[in-house]
Amino acid sequence: MKIAIRKFYYGDIPEDKAGGAGETARSEDKAQWPLWEIFVRSKQGLDHKHVGSLHATDAAMAIENARDVYTRRQEGISIWAVESKYIHASNPDDAECFYEPAEDKIYRHPTFYELPDEVNHM
Amino acid sequence: MIAQMNSSLIDYILHLADNSLILAQRNSEWCGHGPVLEQDIAITNISLDLIGQSRNVYQYAAKLIGGDTDEDKLAYLRTEREFKNCLLVEQPNGDWGQTILRQFLFSQYQYLLYEKLSSGADEQLSAIAAKALKEVAYHLRWSSEWVIRLGDGTEESHDRMIKAVNELWPYTGELFMPAEFELKAGPDVSAFASAWLEKIKGVFGDAGLAVPEKVFMQSGGKTGTHTEHMGYILAEMQTLQRTYPGASW
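Residue numbers (this note's numbering), protein chains in the order written: chain A, 1 to 122; chain B, 1 to 249.
Do not take every clue at face value.
[Stated by the list, open to error] Now the in silico label distances, taken between C-beta atoms and shown as ranges:
#, chain 1, residue 1, chain 2, residue 2, range
1, A, GLN74, B, THR69, 12 to 20 Å
2, A, ASP47, B, GLU228, 53 to 61 Å
3, A, HIS48, B, HIS33, 26 to 34 Å
4, A, GLN32, B, ASP68, 48 to 56 Å
5, A, SER42, B, PRO92, 16 to 24 Å
6, B, LYS163, A, LYS43, 23 to 31 Å
[Stated by the list, open to error] Listed next, the in silico EDC-like pairs over lysine to aspartate or glutamate satisfying Cα-Cα at most 16 Å (straight line):
#, chain 1, residue 1, chain 2, residue 2
7, B, LYS199, B, GLU145
8, B, LYS199, B, GLU115
9, B, LYS134, A, GLU64
10, B, LYS134, A, ASP94
11, B, LYS163, B, GLU115
12, B, LYS63, B, ASP122
Hints in this document: simulated from the structure, not taken from any laboratory.
Just so you know, even glycine gets a beta-carbon here, dropped at the ideal spot from N, CA and C.
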């Protein structure tokens, strides 16, 4: 039995790849280097933030390319690279049931508590 | 005697600056033409590093020369015979393999040289070298990986690397043949020829490439006798300043 895996991409991508087309994850085109997602930590103590993507043949090259493309203006002190095919994204069609139910649940914001004066930095 | 010492030092400093500037100019020819966007940025980053290095050194030279000389005049208004760069850095880009091999051969040399300079007696020069050394370490790492990637890649990339090695090897000997001004004002380059060769052999070994033997070594660049390519480089690099002297934007 052939199991079709629905592969959802994210971001600005062509219609036919936008998920829901029921296509199976295709093996990468050999002529194209794999795509990598790059995360950069701007300074010690902060999280790595997604800064963009790039092409590279392997992880070592991805990190070096990221160094050249995304940290040339002193943007970071640490780089993570993840091959894009390992990123799983939610389906935009699910937005209604995923995100809209949260809209009328403002009580989930911790704004209903009275803070004692002594508590700072909240 | 002091004046003579000074002129050797100036020549030596110009030699260092010219090496960086001409290689930067060559690498910058890739701008917008790199094999992939990311490597286009990588090679032009290296260009900018090298231009930065050459600026530091030209500024130092201009200070020693005095008068109204400045870094721009040294870069844009000297003639071919006055440039003291090694022949290696002026060689054409060829294909990507030849470009990254030229970078590798030079960066390895520059690394050893700047390591020496950074602990040298000339404070200005040692500070410049220490700063540049961090950049050079990256150039060396980047270009070494490319040599291995292409040398140990497909049949075609391997063949192209062999061609590139044969093309550039005759220009490597000059790096270690000291000119008069080097003997007077710089560290002894011939002393680290064997260290250089060991490093090159290490990377070539991983890349499946052989070091050519018994090759006639070209020289002359350090004393202003350049290959036929140099005139074209300067013509392009200097045209703006020569056509519109003092132009700025």
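Distance restraint evaluation - ASP47 (chain A), GLU228 (chain B), Cβ atoms, bounds 53 to 61 Å: At roughly 55 Å between Cβ atoms, GLU228 (chain B) and ASP47 (chain A) fall inside 53 to 61 Å, so the hint holds.
16 Å Cα cutoff - pair LYS63 (chain B), ASP122 (chain B): holds, 14 Å
Outcome for the supplied range 16 to 24 Å, where the beta carbon pair is SER42 (chain A) and PRO92 (chain B): Given range 16 to 24 Å: violated, Cβ gap about 40 Å.
Distance restraint between LYS163 (chain B) and GLU115 (chain B), which requires alpha-carbon spacing of 16 Å or less: Violated - the C-alpha atoms of GLU115 (chain B) and LYS163 (chain B) are around 31 Å apart, more than 16 Å.
Beta-carbon spacing of GLN32 (chain A) to ASP68 (chain B) - inside the hinted bounds 48 to 56 Å or not: holds, 54 Å
Hint check for HIS33 (chain B) and HIS48 (chain A) - Cβ pair distance inside 26 to 34 Å: Holds, since HIS48 (chain A) and HIS33 (chain B) (Cβ atoms, about 32 Å apart) stay within the stated range.
Restraint check for LYS199 (chain B) with GLU115 (chain B), where alpha carbons must lie at most 16 Å apart: holds, 15 Å
Pairwise hint evaluation, GLU145 (chain B) against LYS199 (chain B), where the allowed Cα distance is 16 Å at most: Distance of about 13 Å is within 16 Å: holds.
LYS43 (chain A) and LYS163 (chain B) - C-beta distance against the hinted 23 to 31 Å: violated, 46 Å
Supplied distance hint 12 to 20 Å, evaluated on CB atoms of GLN74 (chain A) and THR69 (chain B): At 32 Å between Cβs, range violated.
Straight-line alpha-carbon gap LYS134 (chain B) to ASP94 (chain A), limit 16 Å: violated, 49 Å
Pair hint outcome, LYS134 (chain B) versus GLU64 (chain A) [Cα-Cα no greater than 16 Å]: Given that 16 Å is the threshold and the Cα spacing comes to 15 Å, the pair holds.
Hint check: violations occur at hints 1, 5, 6, 10 and 11; the rest are consistent with the structure.
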